[in-house]
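K.L.:
Sequence:
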Amino acid sequence: MSEIILLGLNHTTAPVELRECLAFTTDDTERAVVQLADNPAVEEVVLFSTCNRIEVLLVAKDPGKAVELSKSFLSEFKQVPVNDFNIATYVHCGDEAVGHVFRVAASLDSMMLGEPQILGQIKEAYRTASEKRTSGVILNRLMHRAFFTAKRIRNETGIGDNAVSISYAAVQLGRKIFGTLENKAVLLLGAGEMAELAVEHLVRHHVGRVFVANRTFERGVTLAAKYKGQAIRFEEVKEHLSQVDIIISSTGATDFVIRRDDIKAVRRRRRNRSLFFIDIAVPRDIDPDINRLENAYVYDIDDLQGVIDENIEDRQREAVKAQRIVDEAVIRFRRWHDSLDVVPTIVALRDKVSGIAAVEVDKRIKSMDHLSAADHDAIRNMVNAMVNKILHDPTQFLKKGSCQGDKSIPLDITRKLFKLDP
Numbered sequence: 001m002s003e004i005i006l007l008g009l010n011h012t013t014a015p016v017e018l019r020e021c022l023a024f025t026t027d028d029t030e031r032a033v034v035q036l037a038d039n040p041a042v043e044e045v046v047l048f049s050t051c052n053r054i055e056v057l058l059v060a061k062d063p064g065k066a067v068e069l070s071k072s073f074l075s076e077f078k079q080v081p082v083n084d085f086n087i088a089t090y091v092h093c094g095d096e097a098v099g100h101v102f103r104v105a106a107s108l109d110s111m112m113l114g115e116p117q118i119l120g121q122i123k124e125a126y127r128t129a130s131e132k133r134t135s136g137v138i139l140n141r142l143m144h145r146a147f148f149t150a151k152r153i154r155n156e157t158g159i160g161d162n163a164v165s166i167s168y169a170a171v172q173l174g175r176k177i178f179g180t181l182e183n184k185a186v187l188l189l190g191a192g193e194m195a196e197l198a199v200e201h202l203v204r205h206h207v208g209r210v211f212v213a214n215r216t217f218e219r220g221v222t223l224a225a226k227y228k229g230q231a232i233r234f235e236e237v238k239e240h241l242s243q244v245d246i247i248i249s250s251t252g253a254t255d256f257v258i259r260r261d262d263i264k265a266v267r268r269r270r271r272n273r274s275l276f277f278i279d280i281a282v283p284r285d286i287d288p289d290i291n292r293l294e295n296a297y298v299y300d301i302d303d304l305q306g307v308i309d310e311n312i313e314d315r316q317r318e319a320v321k322a323q324r325i326v327d328e329a330v331i332r333f334r335r336w337h338d339s340l341d342v343v344p345t346i347v348a349l350r351d352k353v354s355g356i357a358a359v360e361v362d363k364r365i366k367s368m369d370h371l372s373a374a375d376h377d378a379i380r381n382m383v384n385a386m387v388n389k390i391l392h393d394p395t396q397f398l399k400k401g402s403c404q405g406d407k408s409i410p411l412d413i414t415r416k417l418f419k420l421d422p
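So the sequence shown is numbered by our numbering: it starts at 1 and just counts up by one.
Derived by calculation from the structure, the hints in this document are not laboratory data. Here a beta-carbon is modelled for each residue, glycine too, at the ideal position from N, C-alpha and C. Do not rely on the hints blindly, as some may be mistaken.
[Stated by the list, open to error] Pairs of lysine-lysine, BS3-like flavour, derived with a Cα cap of 30 angstroms:
| no. | residue 1 | residue 2 |
| --- | --- | --- |
| 1 | Lys399 | Lys366 |
| 2 | Lys399 | Lys419 |
| 3 | Lys78 | Lys151 |
| 4 | Lys264 | Lys176 |
[To be verified] Listed next, with one range per pair, are the computed distances between beta-carbon atoms:
| no. | residue 1 | residue 2 | range |
| --- | --- | --- | --- |
| 5 | Asp161 | Thr25 | 51 to 57 angstroms |
| 6 | Glu182 | Asn272 | 39 to 45 angstroms |
| 7 | Gln305 | Leu340 | 27 to 33 angstroms |
| 8 | Asn83 | Arg233 | 55 to 61 angstroms |
| 9 | Ser242 | Glu218 | 33 to 39 angstroms |
| 10 | Asn155 | Asp262 | 29 to 35 angstroms |
| 11 | Gln230 | Asp27 | 16 to 22 angstroms |
| 12 | Gly160 | Leu420 | 56 to 62 angstroms |
| 13 | Phe77 | Lys400 | 42 to 48 angstroms |
| 14 | Gly160 | Asn381 | 28 to 34 angstroms |
| 15 | Asp362 | Lys400 | 15 to 21 angstroms |
| 16 | Gly64 | Lys416 | 17 to 23 angstroms |
| 17 | Pro288 | Asn155 | 27 to 33 angstroms |
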């Protein structure tokens, strides 16, 4: 019987330098799956390649041969000696391979537990294999069950509920403070990567105006255009403190950019509205004493990391629930996969009985000249219905028997009883 085999390496087994050497572009993937599928030892193939993993998923009758073939192929295709990556590879067969695919799709095997991007990347890999016709009955079923399982885990656990990045944590805290982020005005001070990501996430949550202040005004203009906002000069920041609700700062300054007295000076103009600071700078940009003011909330990089650490612990607890769903899905898939063994016998049995019935019906119909074409069709439909009902119980017996004990015994008896072998 054909087996499912997975060969791969990922962020836990291989450094980024090695993953870079073996990474596949979209064009690479299209060519690779076709070339692998052309090998007689490979029945089906899907190839995943992301920044954190490269995995070859195969269906083959000889797992050992398929693994060696995959290693040789990776070596030749990417011009990397097998010895350079062999120690970093892992191999899964059967249930282990199925469970691994389900875990990867559900982001249980990701560097960032619960991150949603991996599912889209796997769907894209499967789409490529489908378009190139390198996935067949088994991998088609496996991939669709992986997508279903990942969706079920998202719906039934909290694996993706809590923020595990600085930018997501900023959004989460903002929602706690304001209830909704819609129409809240944002001021970005400086231009650090994490600060920009935080602004991008806030924009996706429909904040209002975005002001950008940078020591280089031209850089501020460029960033403001990116967020459809307004660039202001750094000297104008204090004038805008009364207009904004969220301040994200990452300037690289050696001293506080905004102090407690600056906020006290605009409290009356702000009418005591809440003000949320996200201070991602080291050294810090925002005076922590601002926290002592009413309706002012300052979170520095350590505070945000603390939120993330708590959320990671929550996700790890949810991962235990997710693993139970994966285990259940693996069992269901195994039952389906095992049932494939009985399909040739069921098809042969149906073909033989249906063939006998068709021959006998044709013989009788020829001698019944008084019957119309409609009568002929009615007789054929009646006989086909009888055949289906007669074969229903034997078919169910063979399918259920394939999941229990030695499935070769009922198959062998059926083939001998009905003389299905030539």
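K.L.:
Taking the numbered hints from earlier one at a time, note which ones the structure violates and give those numbers from smallest to largest.
P.N.:
1, 3, 5, 6, 7, 9, 10, 11, 12, 14, 15, 16 and 17
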